[in-house]
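Enquirer: Dock chain to chain to rebuild the complex, using the hints, since each chain is given by itself in its own frame.
The listed protein sequences derive, respectively, from chains L and D.
FYI, in our numbering the residues of the first sequence are 1 to 144.
FYI, in our numbering the residues of the second sequence are 1 to 487.
A portion of the hints provided could be inaccurate.
The list that follows gives simulated cross-link-like pairs (lysine to aspartate or glutamate, EDC-like), each with its CA atoms no further than 20 Å apart [said to hold, decoys possible]:
| id | chain 1 | residue 1 | chain 2 | residue 2 |
| --- | --- | --- | --- | --- |
| 1 | D | K299 | L | E11 |
| 2 | D | K285 | L | E96 |
| 3 | D | K379 | D | E462 |
| 4 | L | K114 | D | D329 |
| 5 | D | K285 | L | D9 |
| 6 | L | K114 | D | D283 |
| 7 | L | K114 | D | D326 |
| 8 | D | K486 | D | D351 |
| 9 | D | K83 | D | D125 |
| 10 | L | K23 | D | D301 |
| 11 | D | K258 | D | D239 |
For each label pair, taking beta carbons as the anchor points, the in silico distance ranges come out as [to be verified]:
| id | chain 1 | residue 1 | chain 2 | residue 2 | range |
| --- | --- | --- | --- | --- | --- |
| 12 | D | K269 | L | L30 | 42 to 48 Å |
| 13 | D | Q399 | L | E96 | 41 to 47 Å |
| 14 | D | D271 | L | L143 | 41 to 47 Å |
In case anyone wonders, no lab produced these hints; they're calculated from the structure.
Keep in mind it's a predicted model, so treat the numbers as computed, not measured.
Glycine residues also receive a C-beta, built at the ideal position from the N, C-alpha and C atoms.
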Amino acid sequence: MKKILLVEDDELDVISVQRSLRKIEVEHELVTAYNGVEALDKLRGNQRNPPMNPLPDVILLDINMPKMNGLQFLSILRDDPLLKHLKVIIMTTSGEEHDRAVTGRLGVSGYLIKPLNFTNNDKRPDSMDGFVQFHLRNILANLE
Amino acid sequence: MKLATQISLGLFIAISIDLVDSYVNYSLTKKVNTNTDFLTTSEAIIRTSSNLNRSIIDMQNGLRGFLLSGNQRFLVRYESGLKTIPELLKQEKGLIISSALQTARLDSIKAIHNVWLTFANQIIDAKKKAIADPRLNNNYRKLFEEQTNLNTGKNYNEEITALFASFDQYEYDVRAKRRKALTDSIAATDRFSLFFSLLLIVAGSGLSIYLVRKITQRIDSMVKLAEDISAGEFPTVTDDKKDELTSLSLSLNLMSQKLSRNITELERKNDELDQFAYVVSHDLKAPIRGISNAVQWIKEDLPEEMSPSMKKYLGIIPERLKRMADLIDGLLAYARIGRGKYPREIVNVADLIREIADLVVPEGYQLTMKNLPVLSTEKILLEQVFGNLLSNAVKYTPQQGAQIEVSCSEHRNFYEFAVSDNGIGIEQEYHKKIFEMFQTLREKHDEESTGIGLAIVKKIIEGNEGTVRVVSSAGKGTRFLFTWPKN
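Next comes chain D alone, as it looks inside the complex (with noise of 0.2 Å):
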C-alpha cells in the first residue's frame, strides 16, 4: 500500500471518530432537551392543575357563602371560576394530549365539575328567586335540604379531590422518573465524550506511531545502506512494500551495484596495471642486463685487443643502459603513486630526513634542519616527496659550499616544508616545467637524471591535497615549498 494511502487511511479513521463522537453527543443531548422540555411541561401541568384545583373551591366556597348569607358578593368568586375553568381545562388538556390516562382523569374531573354546576345554577337560581320573592323560599329549601340529605355537595367534592390527587401524583410519578432518565442521560453524554476523546487520542497516536515507525525503519536501513557503501562496502537493501520509498530504495541499490560493479572493474584494471609494471620491470629490464653483462665482460676479458675508440665507444652503453633502467623505475614509481593504500605512522620528520639524508646526500653538504614537526602521516609517501627533493638539491648544488635547508612552518590544517639549496638555481621560465614528466635542465649525457623525480613529487603532494612552489632564480640556489595536510 502507498504511504500516502496509509497516511489518508489513518486520516480517515481519526476523522470518522471524531465524526462518530459528534453524532453520539448530539443525539444525546437531544435526549437531555427532550427530558427537559418534558420536564417544563410537566411543570406546568402541575400548575395549571393547582389552579384548576382552586379555582373549582373558590366556586364551592362561593357558592356556599353566597347560599349562607345570601350576599350576592359570594358569587364573584363563582361568576369569575365559570370563566377560568373552561379556558384552564383546554389549556391542560392540550398539555396531558399525549397521556391517555391523564386525559381521561381531566375528562372525568370535567364531568363531575359539569354535574355539579347544574346543580348550583340550580340553587343559586332557587336562591335568588327567594330572597327577591320570600314566598318562593319554601322552594329553596327543600332544594337546599334535599341537595343537603343527598350529600351532593361532599360527595362531588371528595370525589373531584381524588381525581386530582390521582392526576398529580400520575405527574409527579412520571416527572420522578424523567428526571432520573434526564440525569442518566447527561451522565451517558459526559461518559461518551470520555471515551470517545480517550479512542481518538489512542487510535491517533497509534497510527502516528505506526506511521512513523514504518518510515523511519525504511529511512534508517537506507541510512545504513549509504554509510556501507561510504565504508567500501556495497550491500543492498530489501523492499517489497511498493511505496514511495520503495522507488528511493531501487534507486540506492541500483547505484549499489553499479558502484559494486565499477570498483570491481577499477580493481581488475589495477590489478592489470600491477601485472604490467610486472612484466616492464621483469621483463623489460632483463635485457638491459644481459647487454650490459656483455659489455662487461668484453671490458674484463679482452682489453688487450680493444682498439681507444672502440673504448670509448663500448664506455657509453652501461651509462645510457643505467639511464634506461632508471627511466623504467621512475615510470613504474610514478604509475604506482596513489594506487596503492600506505600505512599510517607517527613520523618524526628530522628522524627522516636524517635517514634519507644518509642515503642521497653525500660528505661534505652541509644539512641544517628547523622546526621540523612530529606528525602521523603515510611515511613512505613523505618520504619519496622528500628522497625526491633532497636529491634533486644534491644533484643541482656544486660540492663547494653546499648547503642544503629543510624547514617547516605551521598553519592551521597543514605544514608547510620548504627545502632550500644554495645550488645553480632555475630560471623563472622553468618554474612551471620542472614538475613536468622528463624535464631536466641538464644535458642529458650529464648526470643520470630521469626527470620523473618532481612529477613524482607533485603527483603525490597534489593526491594528498597539498601545493608544491618553487622559488630560485639562476645562480641564487633554489626553495621549493610543499604543503602536507597535519591528520
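Same shape as in the complex, but just chain L (with noise of 0.2 Å):
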C-alpha cells in the first residue's frame, strides 16, 4: 500500500491521477492538497487535524498554485527536519529554466513536464491519462 500526496490546484489533473490511479490497479492511498499552505497543513497537522501518519511514500508537486507555490512549498519542506526526506517529484506545464534549477538544486526525484498534446487514443503517453498513466506506475514500482 502506497501512500501519495498530491499537490495540485488544477481539479482537471486531480481527477485525471484519480483515474490513472485506478486504471493501473495498484493498492494505493491518494491524498489531495489544493496548494503548499494545505499540503504543509495536512503533514505537518493543525487544529482541526492531526500531524499525516504514516507520512507519504511520494508527493506529487505542481510548480504554479495559488497562496503558496510549488518552489516555497518545496524550499520549506527541505528545511523541516521531520520532512526534508521525503521523495518530491515535480508535475507540471512549466518547463521554465528557472523553475528547473531551483528544484534542482532543492532537491526532486524527478521533473515532469505534462503535454499539452491532443489525441484520441488515452494509450498513448503524450495524452494526458496516458501520460498520468505512464508515469505513475513507473513512480510506485520504483518505490520499494
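Expert: Given below as C-alpha cells:
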C-alpha cells in the first residue's frame, strides 16, 4: 500500500491522477491538497487535524499554484527536519529554466512536464491520461 | 582647426618658401650682376690707362725725335697726343669716379703731364725758332742743356711710369677681389637655390603626408564604424577635431545610436512576442486540454447513460478542439518564421525528404525523387517547406494509385524544387488564394486542415528571396515549384 500526496490546484489534473491510479490497479492511498499551505497543514497537522501518519511515500507537486506555489512549498519542506527526506516529483506544464534550476537545487526525484498535445487515443503517453498512467506506474514501481 | 584652413595654411607655407627662394635668388643675381659690371668697368679703366700711357710715351718719343732731328714730322705724334690725352683723362676720370685714391693718382698724372707739357712747348718753340733763325740756336741749346742737366725728361718719365704702375696695380688688386666675390656669389646662388628647392620638397611632402594621414585616419575610423554597424555592433567614434569631417562623424554616431536603440527596441518587441507566444501556447491550450479530457472521461465512464444523439454531439467536440489546437500551433509557427536565426548545415535533400516522408507520407503512396542536390542551408526552414508541401500532397491525393514526386533543377544562383502529385488538383481561380492564411479548399469538417501550411511555405520561401508557384488544374494533380538559394 503506497501513500501519495498530490499537491495540485487544477481539479482536472486531480481527477486525471485519480482515474489513472484506478486504471493501473496498484494498491494506494491518495491524499490531495490544492496548494502548498494546505499540503503543509496536512503534513504537519493543525488545530483540527493531527500530523499525517504515516508520511507519504511520494509527493506529486505542481509548481503554479495560488497561496503558496510549488517552489516555496519545496523550500519549506527541505528546511523541516521531519519532512526534508520526503521524495518529491514535480508535475507541471512549465518547462521554464528557472523552475528546473530551483527544483534541481532543492532536490527532487523527477521533473515531469505535462503534455499539452491532443490525441484521441488515451493509451499513448503523450495524452494527458496516458502520460499520468505511464509515469505513475513507473513511480510506484520504483518506490520499494 | 578646419581642414580647409589646414590645407590653405600648408599651401601658404609652400608658396612662402617659394617666394623667399625667388627673392634670395633675385638679390644674389643682382650681386652677381653688380660684380660683373664692376669687372667690365675695371677692364675699361685698364684699357684707358694703357692708351693714356701709350699716348704720353708717344708724345715723349715725338718730342725727342723732333729735338734730335729737327724734322717736323715727329711732331705729328706729339700733336695727336695733345688732342687725345685730355679726352682720355676725362674718360678715365668718369670711370674711376667712385675711387678717391685712383682719382688722386690720375690727378697727379695729369699735373705731372701738364708740367711736362709746359716744358715741352717751351723747348719745341725754341727749337722751331732755332731752325728758322740759326742765330737763335744758342737760346735753344742753352734751354736744352739746362733741362738735360736737370734731368727733367727722365724724372718726369719715372714719376709718371710709377704712377701708372701703382694705378694699374690697384685696379688689378681690386679686380682680383671682385672676381673672387663674383665666383663666391655665383656659388652662393647655386647653394641657396639647391637649399630652397630641397626645403620646398621636404616641407611640401611633409605637409602633404601629414594632411593625408590625418584625413585617412579619420576616414578609416569611420569606415570601421560602418563595418561594425553592418556586423551588428553599434559603437561610436570620438571626434573632437571640430572640422568638416567632425560633422560626418557626428552623423555616423547618431546613426549608430539610433540603430542601436531601434534594434534594442526590436529585440524587446521580439521578446514580448515570444512571451505572448508562450502565453498563447500554454494558457490558451490548457483549457482546451481540460475540455478534451472531460469529454473523454464522459465517454469512458458513462457509456450506458448517454443517448445516441448525446454521443454524436459529444463526438464533435474533440475534433473541433483538435482543430483549434492545430490553429494555435499553426499561428505560432507562422509568427515565428523569420524571427529566429537557424543554424546552417549541409543538407542531403534526398535524406531530408525520406525523413519527412516517414512522418507524413503513409504506406501506399508512391514517392519518387529526382536529381536532389546536397546543399548548405538552414535545414529547419527547408524541412518546414517540404513538410508542408508533402503533407499537402498527401492530403489532396486519394491513396488509390497515389504518386508523389520531388525533383530539382539547378540554376546559376538557385535550385528550383518541384513537389508534384496526381491528386485532385486545384482550379486556376484558387491558385493565388491558397497561399493566403486560412484558405483551405476543403470542407471545414472534412479533415484537419488549418489553411496555414501554404502561408508558412510562402513566408519562408519569400524570406529566403525565393518564389513559389503552383501549376495545376482540377483533376490533373498539383505541382508546386519553388526556388531556394544555393549558398
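Enquirer: Are the hints correct? Go through all of them and say.
Expert: Verification of the hints:
no., hint, in the structure
1, D:K299 - L:E11, "holds (19 Å)"
2, D:K285 - L:E96, "holds (17 Å)"
3, D:K379 - D:E462, "holds (16 Å)"
4, L:K114 - D:D329, "holds (17 Å)"
5, D:K285 - L:D9, "holds (17 Å)"
6, L:K114 - D:D283, "holds (13 Å)"
7, L:K114 - D:D326, "holds (18 Å)"
8, D:K486 - D:D351, "holds (18 Å)"
9, D:K83 - D:D125, "holds (18 Å)"
10, L:K23 - D:D301, "holds (12 Å)"
11, D:K258 - D:D239, "holds (18 Å)"
12, D:K269 - L:L30: 42 to 48 Å, "holds (46 Å)"
13, D:Q399 - L:E96: 41 to 47 Å, "holds (43 Å)"
14, D:D271 - L:L143: 41 to 47 Å, "holds (42 Å)"
Every hint, counting from the list given before, is met by this structure.
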